[in-house]
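Colleague: Spelled out, the chains give:
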Amino acid sequence: MINAVDISLTVNGERVQSCVDARKTLVDYLRDDLFLTGSHVGCEHGVCGACTVRVDGEIVRGCLMLAAQCDGTKVETIEGLSDSGEVADLQAAFEQRNALQCGFCTPSMLTAAQDLLKRAKKVPSRDEIREHLSGNYCRCTGYHAIVDAVEAVAQGRAKGR
Amino acid sequence: MKPAPFAYTRAKTVKEAITLLARHKDDARLLAGGQSLIATLNMRLSAPDLLIDINGIKNLSGIAKKGKYIEVGALARHAQVEHSDVIAKHAPLIALAMPHIGHPAIRNRGTFGGSIAFADPAAELPACLLALGGEIEIAGPRGKRKVKADAFFKGLFETALRPQEMITAVRIPAADKTTRIGFAELARRHGDYAIVGLAASARGNGKGLSDVRLAFFGVGDTPTRAKKAEAALAAGDVDAAVKALDLDPNDDVQATAKTKKHLAGVLLRRVAKQLMEARG
Numbered sequence: 001m002i003n004a005v006d007i008s009l010t011v012n013g014e015r016v017q018s019c020v021d022a023r024k025t026l027v028d029y030l031r032d033d034l035f036l037t038g039s040h041v042g043c044e045h046g047v048c049g050a051c052t053v054r055v056d057g058e059i060v061r062g063c064l065m066l067a068a069q070c071d072g073t074k075v076e077t078i079e080g081l082s083d084s085g086e087v088a089d090l091q092a093a094f095e096q097r098n099a100l101q102c103g104f105c106t107p108s109m110l111t112a113a114q115d116l117l118k119r120a121k122k123v124p125s126r127d128e129i130r131e132h133l134s135g136n137y138c139r140c141t142g143y144h145a146i147v148d149a150v151e152a153v154a155q156g157r158a159k160g161r
Numbered sequence: 001m002k003p004a005p006f007a008y009t010r011a012k013t014v015k016e017a018i019t020l021l022a023r024h025k026d027d028a029r030l031l032a033g034g035q036s037l038i039a040t041l042n043m044r045l046s047a048p049d050l051l052i053d054i055n056g057i058k059n060l061s062g063i064a065k066k067g068k069y070i071e072v073g074a075l076a077r078h079a080q081v082e083h084s085d086v087i088a089k090h091a092p093l094i095a096l097a098m099p100h101i102g103h104p105a106i107r108n109r110g111t112f113g114g115s116i117a118f119a120d121p122a123a124e125l126p127a128c129l130l131a132l133g134g135e136i137e138i139a140g141p142r143g144k145r146k147v148k149a150d151a152f153f154k155g156l157f158e159t160a161l162r163p164q165e166m167i168t169a170v171r172i173p174a175a176d177k178t179t180r181i182g183f184a185e186l187a188r189r190h191g192d193y194a195i196v197g198l199a200a201s202a203r204g205n206g207k208g209l210s211d212v213r214l215a216f217f218g219v220g221d222t223p224t225r226a227k228k229a230e231a232a233l234a235a236g237d238v239d240a241a242v243k244a245l246d247l248d249p250n251d252d253v254q255a256t257a258k259t260k261k262h263l264a265g266v267l268l269r270r271v272a273k274q275l276m277e278a279r280g
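Line by line, the protein sequences are chains H and V.
Just so we're aligned: 2 in this note's numbering is position 2 of the first sequence, and the numbers increase by one with no gaps anywhere.
Just so we're aligned: 232 in this note's numbering is position 232 of the second sequence, and the numbers increase by one with no gaps anywhere.
Chain H with its partners taken away, still in its complex shape (with noise of 0.2 Å):
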């Protein structure tokens, strides 16, 4: 390999060392190097966000992010959201709501939609959630049932404080 680069971060909570193409994004080193297939490669340009991933924290695009600048980081996927239960009420509303079809999209989407839940201080309004998954698209659903889950999960979480 020529232009190999040493990183070692976490991956899910698992430390994890690799060495990789510079020129291989985060969501190819997820699927292609660590099988966790549950990012999605869509547009590879940053448009549709099916990449969608955590980073220290913070949603970004697998797609426009280089595996190579993520040495040191903590890296979360929705094997690790859905794993850790953290998830679980999110992928409740949508299973019941009808909020996925084909499912492509689903794992970004309960990811952008967790982001939002997790920093909301009170329920989103419904245009706050639309306007939080404006950067994920969904082929199939035509979004009101995605919005109808999260809002739903929002007022559930809401309660239970």
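In short, the hints are calculated from the structure, not lab data.
Some hints here could point you the wrong way.
Footprint (simulated), chain V over chain H, 3 or more residues, beta carbon under 8 Å [said to hold, decoys possible]:
#, stretch
1, 13 to 24
2, 53 to 66
3, 129 to 139
Quick caveat, the model's predicted, so the values are computed rather than measured.
Idealized CB from N, CA, C, for every residue including glycine.
Once you have looked at the hints, place chain V on chain H.
Modeller: Positioned in the frame of chain H, the structure of chain V alone reads:
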């Protein structure tokens, strides 16, 4: 698509980044937030031999009031600027524009300096800087220099930056009691590049306006001031300002020139209203 092969290195200081740029000349590119650069690499619109990652350079992401100016470090992320109290208080036009830049995941990575250096003609920040009469601090092999926003944006993705230079900070005049600002844009999806947008600043003097600066974006190769419209608006005549709109947009993938010109007039009316309302 996947990027063509390139080498990757991290610069720890501005000096190191400039030295690397000087050594590799046109074959190297600086990597800041990467939200435009990595997309163009993925599409193979750009294929440098070397990426110089400047994200690790310290003290380049501060936001602070310095005298009559607000200084924003080149590596300040959009999300950081969006949530900054200093920006909200002293640079309200920037605060107003921020939510229009990309989407949350983009704003978490994209940088203030990167947006200015890239100079996309449909981007918000170059137009804001032009509307505010800001200046750009540039470091190069021969030290630092400053360039006014009016002289910085030269052509399509072309700026006053020389090949071996980098932006280190951007300075914006701090708002005072007389400062009026306005911002509006039309995009197909919130967060996408604007079809047409307008960033504006002025001074409120009693009932009227002076020092009107209207910076349109998405209407040409660079953010563009509509100076005849500025003069008409300073004279208090919105209809005349719309009629006088001295813009010459081209057709693009989003809209025809005629549509853009019409939409620019729509935005001018909206923004004129914002400028004429006194700030609390």
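Colleague: Confirm or reject each hint.
Modeller: Hints versus structure:
{"no.": "1", "hint": "13 to 24", "in the structure": "holds (count 3)"}
{"no.": "2", "hint": "53 to 66", "in the structure": "holds (count 8)"}
{"no.": "3", "hint": "129 to 139", "in the structure": "holds (count 5)"}
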